[in-house]
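Participant: Given next are the chains, with one letter for each unit.
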Amino acid sequence: MIRSFASRTGQMLLVIFGISVLVFCIFFATPGADPTARIAGRGASPQVVARIRAEYGFDRPLPVQYVTMMQKLFVSRDLTSFVNHGQRVVPEVLQAAPVTLSLVLWAAFFWVSGSLVFGIASAVLRDSWVDRLLMVLGLIGLSMPVFWLGEVVNLVTQSRWHDTFLFRWVPPLGYVPFSQSPWGWAKALFLPSLTLAVCFIGLYARVLRSELLTAMGEDSIRTARAKGAGPVRVWLWHGLRLSWLSYVSLFGLDFAQLLGGGALLTEVVFALPGVGRLTYQALATLDLPLIMATVMYAAVFVVIANALVDGLYALLDPRIREGRHGR
Amino acid sequence: MTILLEAKNLSKHYRLARGETLRAVSDVSLAVHRGEALALVGESGCGKSTLGRTLIGLGAPSSGEVFFEGERISGLSDRALRRWRPRMQMVFQDSSSTFNPRRTIGDTLAEPMRIHGRTGIAERIGTLLEQVGLSSSVLSRYPHEFSGGQRQRLNIARALMLGPELLVADEPTSALDVSVQAQIVNLLRELRNSLGVACVFISHDLAVVRQMADRIAVMYLGRIVEEGDVLAVLEAPAHPYTRALLNAVPRPDRPLPPPLKGDVPSPIHPPQGCAFHTRCPLTQPRCSQERPELHRIAEGRTVACHYPLL
Amino acid sequence: MGAEMLLKLHHLHLELPNGTALLEDVSLNVRRGDALGVVGESGSGKSLTAMSVMGLLPGLKASGSICFEGRELLGMKDREWRRLRGAGMAMIFQDPMTAFLPVRSIGAQIDEQIRLHDRVSRREARARTVALLGRMGVPDPEAAAKRYPHQLSGGLRQRAMIAMALSCGPSLLIADEPTTALDVTVQAQILTLLCEIRDSGAGVMLITHDMGVVAQTCTHVAVVYSGLVVEQGPVAAVMARPLHPYTQALLEAIPPLDGPRPEALPTIPGRPPAPDARPEGCVFAPRCRFVRPDCAVRPALREPEEGRHVACVLYDA
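Chains as they are written, first to last, in full-length UniProt numbering: chain U, 1 to 327; chain S, 1 to 310; chain A, 1 to 317.
Hints listed in this document are in silico derivations from the structure and should not be mistaken for laboratory results. A hint or two may mislead.
Unchecked claim - What follows is a list of derived Cβ distance ranges for each label pair:
| id | chain 1 | residue 1 | chain 2 | residue 2 | range |
| --- | --- | --- | --- | --- | --- |
| 1 | U | Ala186 | A | Gly75 | 37 to 47 Å |
| 2 | U | Val136 | A | Thr20 | 28 to 38 Å |
| 3 | S | Asp107 | U | Pro31 | 49 to 59 Å |
| 4 | A | Pro262 | U | Ser210 | 51 to 61 Å |
| 5 | S | Gly117 | U | Val136 | 48 to 58 Å |
| 6 | U | Ser210 | S | Asn100 | 49 to 59 Å |
| 7 | A | Ala264 | S | Asp253 | 54 to 64 Å |
| 8 | S | Leu58 | A | Asp276 | 33 to 43 Å |
| 9 | A | Thr180 | S | Tyr307 | 44 to 54 Å |
| 10 | U | Ser210 | S | Ser194 | 44 to 54 Å |
Claimed, not checked - Calculated Cβ distances over 12 Å to all of chain A for the following chain U residues:
| id | residue |
| --- | --- |
| 11 | Val48 |
| 12 | Trp106 |
| 13 | Leu245 |
| 14 | Ile320 |
As the list claims (entries may be wrong) - Capping the alpha-carbon separation at 20 Å, the derived lysine to aspartate or glutamate pairs in EDC-like fashion look like this:
| id | chain 1 | residue 1 | chain 2 | residue 2 |
| --- | --- | --- | --- | --- |
| 15 | A | Lys8 | A | Glu306 |
| 16 | U | Lys187 | U | Glu218 |
| 17 | S | Lys8 | S | Glu71 |
| 18 | A | Lys61 | A | Glu15 |
| 19 | S | Lys261 | A | Glu306 |
| 20 | S | Lys261 | A | Asp140 |
| 21 | A | Lys146 | U | Asp163 |
| 22 | A | Lys61 | A | Glu72 |
| 23 | A | Lys61 | A | Glu306 |
Glycine included, each C-beta is placed from N, C-alpha and C at the ideal position.
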């Protein structure tokens, strides 16, 4: 147990290391491009460029540059954005993280509960009109671009029908920290997270439906019925238990990807100062240190989430715990 | 009779995770004579299938050697083995998965001959289909259109296409119903008589083996525990395991015998001494300490037991 | 034969929604302390018969009568049937590996069945589970209850499956090919266990393709062919002198284990008809060596001798 935990942690660190090297190479070791000038931004004075070159060690060998960079990112955390007039990058990312986390948590809540309801309903009522309707709705949700849907939501709730009783409660665009007002926080995130969740509900409901239907054909489900278990128990207790695995792995990856900045479009559309919007800004201004920081942040999240999913897997399926696959 | 295939001290071990070793086959020596049928019997996990595959070069042995007509074929590369392949063929248990569902029967049957660049494919297929009792109208059809018994006939025809001298059949009848099983048993016996092909039958069914084989080798946990003429061994088994196996066969003409206790031990951690001593009704102190070697007890009859029943 | 009637199937007929009949006219009896072997080849409908007694065939149309302990099951509400399933009648399956939920310990799965039918605490349920496993010959039952299906050997898994089936004291145990996935030495152990269960007074319905298994564990046998019962009677009598040509052929096709070795085994030509292509007359006629013109009318199941039923024109007086 401890051994597998240690080896797992080691693997994680190795992957993060690999990603950091890769990211570093892409940004700083691309032949024919001077990283100094890129960090300094457009139209920087020669003094600034010289200072940057000395500070980041761009006149020294690549490994030293890499170590300097990582030291600035993770240890002293004083990587500075020159485009943004000396703003420190790491605190900025850390400040944006809670916003993204709140948004994604809410969205996850909506898409998990939504897809559970839709997925189970259409599996139980398979091939009925309810099933077909739900699957068509899911497909529509899946194929609506999130930025378009967000703009439509904004149009409807912020201007067109804002003054009707339906949307009077909708706060102006932006974020309200939980510490400031929990109610305000919830209200500010409700529509953005629902918008973000829509496409996931469609996808997850489909996955759950097909997994559930496969599971219901298993011998163990027949056994459950032979034991005298009722339909609710058979579907929810036995069926779900067998169909969790791909759902959970999909969820882990999507969740991590969103936390790492994948909610970019939603954040931009709803003016939420999260990691995604930060990345968007960094890209718009070619702010190299900020891009570096957000990419590393995203990588760390994806790796951690992967490890958590694997752990959850082992909890859900004893066969995986012992390193056996299949049956 | 000349020896066609011979195995000397053959072992096949599999490395598992956590540094464990699964000893599927340990130190097996046997010989198959030209035209003879040898049956490998035992319960699941005894290594009979692994042995059968290793014998014809599907997977290299961990140690030991295999000779075909006196020439060593173990340890050869796949390329070098290709020369021997037409002379040794295999029939698998599950005939539904050995045929490609998207290719016609004719296509599948012709393939081995095409690969080895033979000519006269059409005539050969015609002869063989007649021998396995099918008409040539099957050639344009697909595997799913056939019943289990017919597919097993086609499977046998496929294995015979290149005119092999040795056929290894892994549980050729165990997926079939009794009435169909009897047909396939009869067919294999006929073919053996008419073509003179030597056979290794891998089976857990003693009654089927008795009907099809000349000699029998009983395996337990990777080792041969008894070997001899099939009628003689089943008439009067010398090893307690053979006797237990024989008694356990459910028969319409006798009552249920008291069963052997316990399960087959794991081939990862086989018991010390005689591997069977944990379940043997006649076990003695010596059995748990010293492993009995195979020794001759009569003409053409060997047994690995300190206290054989004969 | 004064024993109490437990299960009586009377002219059970089962069809697909498109009208293809899977079972035609299956009539069987199981008394307390009886073990009825239902023998047939694959596709004969023997498993379907078992599943329809359990009421586990939604989507198929059943007619006729299934009478269990004096109650008619066909037409019963699923709620009531559910109360019987697992408590009054229980079933064990061919492959205990897939029949258990792979992701929960076998103890938890047995506890579940106990708590589905009896109001007992978790502790009490577990105590019963452990006691049952012990009675089924599982070594160290307490530890075994905590293991997952894949951690047990095939034999132990099937013992656990039987323990689960017996957990609520059913009066009828249905076993669908319970030993087909097991080795012969382990098969003998499980069959011995089934005999003990039968001797303790429960009724057993054993579905199998193996005449040997029936002969060694059952008191009665019903031979099923293409969705019909063609012969039924006490095991000893049927094995000694099978009446129906199909039963005769089935027994002859088993290779002998002693005596002279025949040059060729007797076989049955052809193969069983598909459910949608069943002959009008006797279903076995196209493969029967005694076929004659009056086989074109389907023979009814008659009782030419005391206790022995057969559907064949040879025995029409």
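Participant: Next, verify each hint and record whether it holds.
Facilitator: Status of each hint after checking the structure:
1. Ala186(U) with Gly75(A): 37 to 47 Å: Given range 37 to 47 Å: violated, Cβ gap about 53 Å.
2. Val136(U) with Thr20(A): 28 to 38 Å: holds, 33 Å
3. Asp107(S) with Pro31(U): 49 to 59 Å: holds, 54 Å
4. Pro262(A) with Ser210(U): 51 to 61 Å: holds, 53 Å
5. Gly117(S) with Val136(U): 48 to 58 Å: holds, 56 Å
6. Ser210(U) with Asn100(S): 49 to 59 Å: Once the Cβ atoms are compared, 27 Å apart, the range 49 to 59 Å for Asn100(S) and Ser210(U) is violated.
7. Ala264(A) with Asp253(S): 54 to 64 Å: violated, 20 Å
8. Leu58(S) with Asp276(A): 33 to 43 Å: Roughly 42 Å apart at Cβ, these two residues keep to the hinted range, so it holds.
9. Thr180(A) with Tyr307(S): 44 to 54 Å: violated, 34 Å
10. Ser210(U) with Ser194(S): 44 to 54 Å: Taking Cβ atoms as reference, Ser210(U) and Ser194(S) lie about 52 Å apart, which means the hint holds.
11. Val48: holds, 60 Å
12. Trp106: holds, 30 Å
13. Leu245: Answer for Leu245(U): violated, closest chain A Cβ roughly 9 Å.
14. Ile320: violated, 10 Å
15. Lys8(A) with Glu306(A): holds, 18 Å
16. Lys187(U) with Glu218(U): With a Cα-Cα distance of about 44 Å, the restraint between Lys187(U) and Glu218(U) is violated, given a limit of 20 Å.
17. Lys8(S) with Glu71(S): holds, 13 Å
18. Lys61(A) with Glu15(A): holds, 5 Å
19. Lys261(S) with Glu306(A): It is violated: about 40 Å lies between the C-alpha atoms, which goes past 20 Å.
20. Lys261(S) with Asp140(A): holds, 15 Å
21. Lys146(A) with Asp163(U): With a Cα-Cα distance of about 61 Å, the restraint between Lys146(A) and Asp163(U) is violated, given a limit of 20 Å.
22. Lys61(A) with Glu72(A): Holds, because 16 Å separates the two Cα atoms, which is no more than 20 Å.
23. Lys61(A) with Glu306(A): violated, 33 Å
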